[in-house]
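Enquirer: With the hints as your guide, set chains B and C onto chain A.
Chains as they are written, first to last, in this note's numbering: chain A, 1 to 266; chain B, 1 to 266; chain C, 1 to 266.
Simulated from the structure, these hints should not be mistaken for lab results. It is possible that part of the hints are untrue.
[What the hints assert, rightly or not] Not the full set, but computed from the structure, chain C residues with beta-carbon under 7 Å of chain A: (1) Asp176; (2) Arg177; (3) Phe197.
[What the hints assert, rightly or not] Every beta carbon over 12 Å from chain B, so not counted as near; a handful from chain A, in silico: (4) Gly12; (5) Pro42; (6) Thr77; (7) Gly96; (8) Pro119; (9) Ala149; (10) Lys169; (11) Asn199; (12) Lys210; (13) Ser216; (14) Tyr219; (15) Gly225; (16) Phe240; (17) Asn245; (18) Gly251.
Where a beta carbon is used, it is the ideal one built from N, C-alpha and C, also for glycine.
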Amino acid sequence: MRKIVTLTTDFGLSDPWVAVMKGVMLSIEPEITFVDISHNIPPQDVLKGALCLGGIKNFFPEGSVHLAVVDPGVGTTREPVIIKTRRYFYVGPNNGLFSFLDSPVEKAVKIANIGLLQPQISVTFHGRDIFAPAAARLFSTPMEEFGPAEATLEKLSLPEPVIKENIIKGEITYIDRFGNLFTNITAETLRELHSRFPNSHLEVKPPGVKIINGVSYYYHSVASGELGVIVNSLNLLELFTPNGNAGECFGLKPGDTVTVRFVPAK
Amino acid sequence: MRKIVTLTTDFGLSDPWVAVMKGVMLSIEPEITFVDISHNIPPQDVLKGALCLGGIKNFFPEGSVHLAVVDPGVGTTREPVIIKTRRYFYVGPNNGLFSFLDSPVEKAVKIANIGLLQPQISVTFHGRDIFAPAAARLFSTPMEEFGPAEATLEKLSLPEPVIKENIIKGEITYIDRFGNLFTNITAETLRELHSRFPNSHLEVKPPGVKIINGVSYYYHSVASGELGVIVNSLNLLELFTPNGNAGECFGLKPGDTVTVRFVPAK
Amino acid sequence: MRKIVTLTTDFGLSDPWVAVMKGVMLSIEPEITFVDISHNIPPQDVLKGALCLGGIKNFFPEGSVHLAVVDPGVGTTREPVIIKTRRYFYVGPNNGLFSFLDSPVEKAVKIANIGLLQPQISVTFHGRDIFAPAAARLFSTPMEEFGPAEATLEKLSLPEPVIKENIIKGEITYIDRFGNLFTNITAETLRELHSRFPNSHLEVKPPGVKIINGVSYYYHSVASGELGVIVNSLNLLELFTPNGNAGECFGLKPGDTVTVRFVPAK
Chain A
1 MRKIVTLTTD FGLSDPWVAV MKGVMLSIEP EITFVDISHN IPPQDVLKGA
51 LCLGGIKNFF PEGSVHLAVV DPGVGTTREP VIIKTRRYFY VGPNNGLFSF
101 LDSPVEKAVK IANIGLLQPQ ISVTFHGRDI FAPAAARLFS TPMEEFGPAE
151 ATLEKLSLPE PVIKENIIKG EITYIDRFGN LFTNITAETL RELHSRFPNS
201 HLEVKPPGVK IINGVSYYYH SVASGELGVI VNSLNLLELF TPNGNAGECF
251 GLKPGDTVTV RFVPAK
Chain B
1 MRKIVTLTTD FGLSDPWVAV MKGVMLSIEP EITFVDISHN IPPQDVLKGA
51 LCLGGIKNFF PEGSVHLAVV DPGVGTTREP VIIKTRRYFY VGPNNGLFSF
101 LDSPVEKAVK IANIGLLQPQ ISVTFHGRDI FAPAAARLFS TPMEEFGPAE
151 ATLEKLSLPE PVIKENIIKG EITYIDRFGN LFTNITAETL RELHSRFPNS
201 HLEVKPPGVK IINGVSYYYH SVASGELGVI VNSLNLLELF TPNGNAGECF
251 GLKPGDTVTV RFVPAK
Chain C
1 MRKIVTLTTD FGLSDPWVAV MKGVMLSIEP EITFVDISHN IPPQDVLKGA
51 LCLGGIKNFF PEGSVHLAVV DPGVGTTREP VIIKTRRYFY VGPNNGLFSF
101 LDSPVEKAVK IANIGLLQPQ ISVTFHGRDI FAPAAARLFS TPMEEFGPAE
151 ATLEKLSLPE PVIKENIIKG EITYIDRFGN LFTNITAETL RELHSRFPNS
201 HLEVKPPGVK IINGVSYYYH SVASGELGVI VNSLNLLELF TPNGNAGECF
251 GLKPGDTVTV RFVPAK
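Extracted from the complex, chain A is given alone in its bound form (with noise of 0.2 Å):
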């Protein structure tokens, strides 16, 4: 089985750290594959970290070591800690950045046995000093013997959609690259409030932009310039606009509102 880590990181790409994190790897176990999930997390920002780790989902082998270093309170007393879920292993500090996992979590250690770590941790680097050397030596070494102690998970999370009948209040989560705007709300929760309201077609009304009406099955359904609904690849409500940056081009960002309502047939 290969050997798999990937890495998200606020350490951006401009600096060695990354690298030096995989050197510490390598030279602990010489046949990691390294993935790079994303090392232009914000800085210090562990929600985008956290939510960008969660995009990952069930897309990779089981066995797969995350390794995650966004981590403000570095040298504090947060907790590093190693996580469990039924295909995965996670590393990194337990500060809400391991909040939306692939699935539940089975088991989550707290990293105590130094004697598994760099001989030296500095004050300012645990990505080099305990978290890599933890990740590398889970591929040779059970999870248990990383600490005794048991930890329990700080959780961020997102607003969860309001349902008021017709009606779901909903809020904008993330921008991506391409300026689509993802939503909390699922396509789970469009069909089940569909199923309530049949005869019905769906409005959508983000913050100061205008009625959209209907979900749209391709973004080329939408014409130029207009702003679009769609259930993306994650099951989730986006605003888009086609060929265009939606976030730019309607001043739209994470953290507005989308109604979402489901109007009788007259």
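Expert: Then chains B and C, alone, in the frame of chain A:
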């Protein structure tokens, strides 16, 4: 033989989409080695993607699979294709992205066999659901099994330089990170015209800039702050300024005309 | 033993040049594992490239080959070199890029044997035509075969801090993505001076900023919005502001003087 997949996309390096494609491929074919060509193609800029992909020429090992996704028409009827050239396979949307390949196309098929793709195919992320699994399965499945129908490839073209007597009218086609400006004028064309006007020297004239006399052999044969021309590593006439950004310093950009004149010796 | 090649360049991540170098290396030595250190060195900034490369220290496995190309003099007489230290090989232009290596140089040779390089050597892309093939062939060819002549390495240097009685005058040498500012003042120098002035506390004074009292043990021991100093993971005195960008917030940058004073207890 090593199983090499290169990736060229407009997905950027902040979102997890590139990693998700790699996860899908590793889940199918664990021994793939990835090489990123670029993920910074400007969103939906198919021509720039095609030129970037064209830059790899024959420098990769035979049998490499080049996955490219710049796909403004995702979800429409534009075809997903697999292309074979003498050395390589290419996988992606048939929208012009494969206009400048390493060598002539030997065969191109439309991807139609959904048994070889992701179990569920979204309308917004064919990189993940169609192209990544097709690329990974090419190491174990003949391309004919992906679909019976041959594809007619969409082609973008760069303007050809126009030659009239002792004058070549070409244009700037690409600007790289250093601000070096590649033209569509090849070393071959220069040599041919020079053989017709053997007793001549060469003048190059970009818009709004004084005439450049002669082709340099090294970037450093030109004085600091001056614009020079050189035959670059792709055998194209290139405008540059030593240790500076020629595009910014001289206000030059892709699309600008460049005139080369062979001036008879008096 | 795994064949590891790291890459440090100023080529950026938008053009295909880095991938082309990897393709050349894989064509020669199919089993190479690549680790990117940085491709975002500012164009032609040899000092920044040297500092970035210096940041990897001894964190990679023994036998790793470090390929570095920041090469404003490409095509001139600056020499292509292979360097051996106790743990590593380095390959690139002899222009100061190899000034801060992991350990003293044991041997350095000028690359001269064109039989070991690309069949055609361009004047603008020695990364592809000289350095990449040399790096790849180092796994099978003794470095002496690349050229008989030993090279005298060009060296850049950072200003050494000046110590006068109880005062160290150092300077900022590097700013990272977080806006943390590294100085040239080492933990060792601090310890030595402290041993000479044992009953003293320490004051740090960057330009235009009020005096900082004492070294922090954690980023979080300093109040939000304040500037602090810490001994960082490279054992250097570093200026920071917790969860913020110290460079931007306090207008500090590489080249700025930092004065450390050991103030006698009254």
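Enquirer: Run every hint past the structure and note whether it holds.
Expert: Going down the list of hints, with the structure as the test:
1. Checking C:Asp176 against chain A by beta carbon gives a least distance of about 5 Å; that is within 7 Å, so the hint holds.
2. Annotation: C:Arg177 was flagged as interfacial toward chain A, and the flag holds, the nearest CB pair being 4 Å apart, inside 7 Å.
3. The criterion of a C-beta within 7 Å of any C-beta in chain A is not met by C:Phe197, whose closest approach is roughly 24 Å, and the hint is violated.
4. Distance check on A:Gly12: its Cβ comes as close as 10 Å (rounded) to a Cβ of chain B, failing to clear the 12 Å threshold; non-interface status is violated.
5. Annotated as non-interface, A:Pro42 brings its C-beta within 12 Å of a C-beta of chain B; the closest such distance is 9 Å.
6. With 12 Å as the threshold on Cβ separation, the claim that A:Thr77 sits away from chain B holds: the shortest Cβ distance comes to roughly 30 Å.
7. Look at A:Gly96: its CB is around 17 Å from the nearest CB on chain B, clear of 12 Å, so calling it non-interface holds up.
8. Chain B leaves A:Pro119 outside its interface by the beta-carbon criterion, the shortest separation being 31 Å against a cut-off of 12 Å.
9. Even its closest Cβ contact with chain B, about 31 Å, leaves A:Ala149 beyond 12 Å, as expected for a residue assigned away from the interface.
10. Under the 12 Å C-beta cut-off, the non-interface status given to A:Lys169 relative to chain B holds; the minimum distance is some 24 Å.
11. For A:Asn199, the condition that its CB be more than 12 Å from all CB atoms of chain B holds, with the nearest at approximately 26 Å.
12. Even its closest Cβ contact with chain B, about 23 Å, leaves A:Lys210 beyond 12 Å, as expected for a residue assigned away from the interface.
13. Against chain B, the non-interface label of A:Ser216 is violated: not every CB pair exceeds 12 Å, the least being about 9 Å.
14. Some Cβ of chain B comes within 12 Å of the Cβ of A:Tyr219; the nearest lies about 6 Å off, and the non-interface call is violated.
15. Consistency note on A:Gly225: stated as away from chain B, and its beta-carbon is indeed over 12 Å from all of that chain's, at 14 Å minimum.
16. Not every Cβ of chain B is farther than 12 Å from the Cβ of A:Phe240; the closest lies at roughly 8 Å, contradicting the non-interface assignment.
17. The beta carbon of A:Asn245 is not kept farther than 12 Å from every beta carbon of chain B, the shortest such distance being approximately 7 Å.
18. For A:Gly251, the condition that its CB be more than 12 Å from all CB atoms of chain B holds, with the nearest at approximately 18 Å.
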